[in-house]
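Let chain A serve as the given structure and place chain B on it in line with the hints.
Sequence lines, in order, name chains A and B.
Going by the numbering used here, the first sequence opens with residue 1, and the numbers climb by one from there.
Going by the numbering used here, the second sequence opens with residue 182, and the numbers climb by one from there.
Calculated from the structure, these hints are not laboratory results.
Please note that a few of the clues may not be correct.
The calculated DSS-like cross-link candidates involving lysine-lysine, where the alpha carbons are at most 25 angstroms apart (straight line), are [to be verified]: (1) B:K255 to A:K112; (2) B:K206 to A:K105; (3) A:K112 to A:K60; (4) B:K255 to A:K60; (5) A:K112 to B:K206.
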Amino acid sequence: MTKHSSIIGYILFLFLHLFFIGKCLLDTSDFKISSLLFLIILGLLIYSYIHLLRDKFNSKATIFEFLALVIGSLLTFYLNNYLEWGAVLASATVGLSGGLLPYIKPSSESLKSAAIAIYCGTFVGMASTSLFDEIHYIFIASAISGLFYIYTRGLLIGYGGKLGSVAFSGVLATVLLFMLR
Amino acid sequence: MIVGSLYIVGLAGALIAFILNNNFKMGIVVGSALPSLVFVLLVMVFAPYLPIEFATEAPVIFYGAAFIGMASNKILSSYLLIGIAGLLFTFIYLFTSPYFEGFGGALGTTAALCFLPVWSISLLKKK
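Only chain B is shown next, with the shape it has when bound in the complex:
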């Protein structure tokens, strides 16, 4: 149940940042930092009512998945593929977080490892 909700958080983080960045023209920085900050503050406020695992992991997953949403729609325009990359982010994060705990840039690298394969799929589809 909690793991399933973390996948939804990853999907939401990537899509919300992508839409704010490209559709609302907020730019890559505000488009990803603003929704992440709002999400983190909401989780902090409601933390006493949330499962500990969700309250700990969800903000990190949302923030990391938002880095996928920093992509330009000129490079990848499919919301479906951005959403898949967001789901993939949660999968890789849950797998790799013990290895790179406390490593700056690990979330962004994970985001790149989700975005580039999904972008490859879009290239293969065009062929």
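Chain A on its own, in the form it takes in the complex:
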């Protein structure tokens, strides 16, 4: 990944995070202590991105990881909504099952990567049928998250919340593209 590409990746992450926090701030009717705390978080968030934008990474994901993410998403969505396991139980079960894959062959980097991609996919699959009432929406959300995962594979490694942000990108993009028309 070039410096230019990593900057675009970080800007996309920043957009997602600003959207999330902005939604909370804008929906607050009056200024309270919680609004002040959100503003502090916003300031620290922007400071962290100023630091992150100096980084450059060279890491590529594979189509195998893309497919692992989509499978993790669809399986979780099925368990969550059709078998009514609930989002947390479905995601943690599929994620843990995927997380055990590297124990089959500890030397395999592909299995380690697949486990992480499956786990990221499970976060997409936590979406409910009240949001994605037709099955093709979850396919689209998974595919967008998968592409974003591949593009940002080398960014924010070791930072908590990265995989969830990748999952959120696909869900948000699908909602913005198809549901707010």
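What follows is chain B alone, placed relative to chain A:
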């Protein structure tokens, strides 16, 4: 009382996952999914004896806070700051859950919004 216990759940979720991930070398996936699964199953078993609000919200908060614990100790090594991020998670979750209900990835995004500001504090402390 219940809200206070949800803050403790957030703190515990972040710290337990962080310790399993980094100290016990379980890795990011097993380190966060395993304790979350155990916690969810425990809450399901004891749900009849727990307040409804706690039984509904606590598993989600534990799971989301566990995403903070997926952080590497090479990036942030302070247990105190990870704990603060866990507390912050509960605060943001309780505030934002009505807006992003049913949104996949919202918990992870909230976790990032807790981790990155706390990481910024560690950067400012180093200066």
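Problem set entry | Enumerated hints in conflict with the structure, sorted upward | none
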